[in-house]
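One line per chain: the protein sequences are A and B, in this order. The numbering used here applies: residue 8 is where the first sequence begins, and numbers increase by one. The numbering used here applies: residue 3 is where the second sequence begins, and numbers increase by one.
Just so you know, these hints were derived from the structure itself, not from any lab. Hints may contain errors.
Here are the simulated DSBU-like pairs of lysine-lysine, each with C-alpha atoms no more than 30 Å apart in a straight line [said to hold, decoys possible]:
1. B:Lys46 to A:Lys146
2. A:Lys370 to B:Lys17
3. A:Lys198 to A:Lys264
Since the structure is predicted, the reported quantities are computational estimates derived from the model, not experimental observations.
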Amino acid sequence: MAKDYFIHFAQAHTEFRLPELQSISELYGFSVSLPTDPQEQNPSRPFMIVGLESEDHARLLAGRCILVRAVYELWARGTSYTQLHAMNASRKHIWESYQPGTSFKFNVSSVNHTIPQARQREVMENFSYMAFQGPIDMKNPGIIMSCFEECKSIISSLIKRNDGDFKEAFFGKLVAEGSARSLISKFDVKKRVYFGNTSMESEVSLLMANQAQAGPGKIVYDPFAGTGSMLYTSAHFGAFVFGSDIDGRTMRGKNPKSSPGVVRAAQQYGVGTRLIDCCTFDVTKNPWRCGGIMDAIVTAHLILDSPQDGVRAGAKRLGRKEGRELRDMSRAAKDGTYIPPTKPYELSELAADLVTLSRYLLKPGGRLVFFLPTVTDEYEEVDVPTCEGMTLVANSMQNFGKWGRRVCVS
Amino acid sequence: MVRLITHNLLACHAKGCTTNNFPLAFRDVQLENREAEYNPEFLKGFMPKIEWNALVSTARELGDVSLPAECPEPGTETDEFLHALHHVLMEIHVEEGSMVCPNCQHVYRISNGIPNMLLAEHEIK
């Protein structure tokens with residue numbers, strides 16, 4: 008039977024929260040029941056109650072989801088302590104087995120606010136009716152109980168908040184701390200031996216790998232690999248990865264004597280053997296012999312035609328700009344250093360091609376995860392290109408003010 | 003890199019080159035063997051995608067004769083066979099050399115383990 012758990016989320020990339028939970032639970036083959044009240048799913052809130060069939064499922068989520076800080080078994084909640092204690096007392100069957108001698112630790116805290124020590128003690132003492140006999144153990148407790156107060160406003164620094172004035176309090180037993188958040192630092196672009204100015208920040212590349220459901224024995228492909236940002240995180244989760252790019256220089260790096268930059272970075276993360284291959288080609292003129300090969304296509308190719316600030320490398324495809332004549336090919340391509348001309352690639356065209364290509368290259372049930380830069384005000388759902396046989400699963404926005412980028416999962 | 007798993011998935015894609023464009027023939031190759039993690043489930047799942055004759059003949063050209071001429075039926079793969087397949091697909095790396103199309107003779111160069119599959123502008127479909 009499903010039990011209630013509350014998840015403490017990081018307040019970052021909040022639109023990715025539910026898609027990540029759903030991707031990871033589907034990857035491990037279990038279900039997460041979400042609250043029916045939309046207000047309970049509000050991504051600006053730090054906590055969300057979910058129903059899970061087993062504590063192991065809670066551990067799996069905490070071990071893999073980048074946005075999960077911790078998962079707790081829900082014992083009680085309330086908009087006041089009176090309400091919370093009433094619920095807690097009425098659900099004694101949940102916690103009475105810990106009464107006799109289990110050592111414990113008790114935390115009282117708030118998100119974006121520090122509760123004064125005196126009141127922390129007061130809150131704790133008000134739970135004394137639970138009559139836990141076991142010793143308090145701060146270092147190695149049998150169970151950790153936590154009581155959280157959720158502040159009324161999340162814009163903490165701007166408002167002087169009255170202590171004890173909270174929106175809702177949650178109380179429960181810690182099941183698992185989120186361990187995947189440390190990967191953000193591990194994959195930090197600044198610590199990478201090889202990167203470029205279009206390398207994707209680590210938190211987003213981890214989220215995308217999760218939405219791609221990367222895992223052991225799967226093949227993940229980035230057709231706009233660039234410096235390989237999307238490959239390392241998928242490989243970390245166990246997938247074999249392929250990369251291709253129209254410009255081999257971005258994968259190789261500047262030093263022709265050393266091994267390619269993408270290979271060096273993969274080795275740095277201990278996933279060198281999972282990087283199957285990198286090839287130079289234009290994915291719109293690709294040499295793949297057959298389709299149905301890939302489990303996921305994940306790409307963060309950044310493309311924006313508007314001249315707004317923050318816009319990075321424009322897309323290119325093979326071909327010559329209109330109005331220019333074909334070069335005499337008899338003297339080219341003999342020495343092996345020939346680089347064919349490229350022409351700009353319109354964003355809308357690229358996105359549509361990507362979806363169609365994915366339909367061909369992906370195995371049934373495979374996922375395409377890509378960025379679609381959009382102008383924030385003008386976006387409509389219909390802007391996501393479609394193709395028969397591909398269904399939009401999730402669509403999350405990372406807002407940069409004037410423009411944003413959406414991770415679309417098909 | 004350029005493992006045989008990749009080689010088995012790449013065909014010549016130059017303009018008009020649609021028949022007899024696979025497998026690409028290796029020429030002047032420098033080989034390296036590098037250990038890769040063994041995942042039998044992955045291999046079994048990938049086997050239906052393999053062009054078997056091309057894999058066996060290419061492996062033989064590169065000096066590896068461990069694979070049988072006939073691909074075993076699904077469910078009858080022995081451990082010994084899967085290890086041999088693992089080695090051929092995942093552990094033999096072509097670092098330098100080129101791949102040549104048997105039909106149009108297009109030469110795809112491999113440099114530092116990365117094959118250049120770009121086409122010149124007159125070769126685009």
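**Message:** Hint compliance check: list the failing hint numbers for this structure, sorted ascending.
**Reply:** 1
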